[in-house]
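*Asks:* Following the hints, put chain A in place on chain F, whose structure we already have.
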Amino acid sequence: MDKILNFEHKQSAHCENGVVSNLLRYYGIEISEPMVFGIGSGLFFSHMPFLKVNGIPVTSFRPLPGIIFKRISKRLRIKFEKHKYPKPDIAMQELDKNLEKGIPTGMLVGVYHLTYFPDPYRFHFNAHNLVVYGKENDKYLISDPIMEEFRTLTYNELKRVRYAKGTFAPNGHMYWVKEHPGRPNLEQAIIKGIKHTCKDMLTIPIPMFGVKGIRFLSKKIRKYPKKLGARKAASYTGQIVRAQEEIGTGGAGFRYMYGAFLQEAAGVLKKKALKDLSYEISDVGDKWRQFAVITGRIVKNRNKADESYDAAADLLLEIADMEEKFFIKLKKAIS
Amino acid sequence: MKSTEVPQDDANMMQGKFREPVYSLDKNGNFTTVRSVGWNPKNEVMLEAWDAINQKIASTREKVIAGELSPIAYHLEKNLMDVGLLAKYTGLWKFKVKRHLKPKYFNKLSNDILLKYAEVFELSVSELGDLNLVRSEQPPTTMKIKKWIKY
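So the protein lines, in turn, are chains F and A. Residues 0 to 334 (numbering that gives the first Met the number 0) are what the first sequence spells out, left to right. Residues 0 to 150 (numbering that gives the first Met the number 0) are what the second sequence spells out, left to right.
So that you can see chain F by itself, here it is in the shape it has in the complex:
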């Protein structure tokens, strides 16, 4: 028999936050996307020149996939049941059993074969999250946090994306809420989340992460045109902006989201200082957008040597200073 849950779907800017927020809402715990993002310490920066994807060094504005999820469940004391299945058909059977029991189930999927995704976004990226909450006329009902509305997938389509191959291959990974405390202790969780982000951004003693990482990238960008030639330098720089602006990874977008988190946190903790800081991080977001404009222009003029690299590098240094000041203040505000 087909069973349809009363599952409410809200669109979000980042899939991991969105799935957690949507799943918890089903159990009566109303936690917004920015709240999940802040408590899960989703703001980060890293530039790792030795780690390459398609021959281009990785710059990332987020922690590894799955980490926000891990942190939020620890900090809000929500227990998730998690499973991976070696056999695709068994993974689908287990999903059906879950749906029969009325459990909305989150899972990891690959984006490339997701039929409802717009083509320009369909790369072989495997750490996308969505919730399956029912089955109707042999079609699975999907709450994909990136989409504005519900979507559906057939058995074979869903099986295929659950068994995408490559980096972060999901292997049918699925998860659902097993136990939750009813009303979580938000105050404590918020403070933990903020402290962790400050620590990540300020004190990791390796120059590739946090504020230091931004300065490191600045140094590298300055050298790109001479070291790599016009075309390749443009590709390298374009990759940074793609990491920054594409769905689920955002640089500027994440700063704004963090601002939204701080505003909410200011209300919960009754600390006005956090609200003031939310405007400051919004300004930092604006700077990141400026950076995207400069680098976008570099990419547009990709076949010519361009002098904007220095401007981009200078801007990064400015951003690094702003973020350093911001996180020092933030650390003080909650201690």
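If you are wondering where the hints come from, they were derived from the structure by calculation, not from laboratory data. Worth double-checking, as some hints may not be accurate.
[As the list claims (entries may be wrong)] Distance windows between CB atoms, simulated:
#	chain 1	residue 1	chain 2	residue 2	range
1	A	GLN7	F	ASP118	18 to 28 Å
2	A	GLN7	F	GLU135	31 to 41 Å
3	A	THR31	F	ILE327	21 to 31 Å
4	A	GLY90	F	GLU93	53 to 63 Å
Glycine included, each C-beta is placed from N, C-alpha and C at the ideal position.
*Replies:* For chain A alone, coordinates are given in the frame of chain F:
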């Protein structure tokens, strides 16, 4: 960023399938989300990435038609894969996949192996070996953004 400043530069990157929520400040200084259809700097870098991919597909297509590479090489590029990923999807060794990109080895492949490739590319075995199919598919071209707003 203010809500009124959230850019709406449509380059059809989302093909009307969704709009992206952007957190921004409303007139009372509270954060809210506004849905955006796109932003030109971002559109530009995405198009650049696709331009590089399309160039690669086009040059591989030429080589396949010229008989330097097997049709697998073309379908591999078209599906945005590399040898490692295709090896994982087919369950074959990487060095074997590399070998099958050469027509010499491709022509000797058994039906079982061909079927594995065909399934991954969502083709039939006869379509997989069909050079006319490769010829008939126009190489993709990347669109250009004409309007570049100054910031």
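*Asks:* Next step is simple, just say for each hint if it's right about the structure.
*Replies:* Hints and how they fare:
no. : hint                             : in the structure
1   : A/GLN7 <-> F/ASP118: 18 to 28 Å  : holds (21 Å)
2   : A/GLN7 <-> F/GLU135: 31 to 41 Å  : holds (34 Å)
3   : A/THR31 <-> F/ILE327: 21 to 31 Å : holds (28 Å)
4   : A/GLY90 <-> F/GLU93: 53 to 63 Å  : violated (23 Å)
Checked against the numbered hints above, the structure violates only hint 4.
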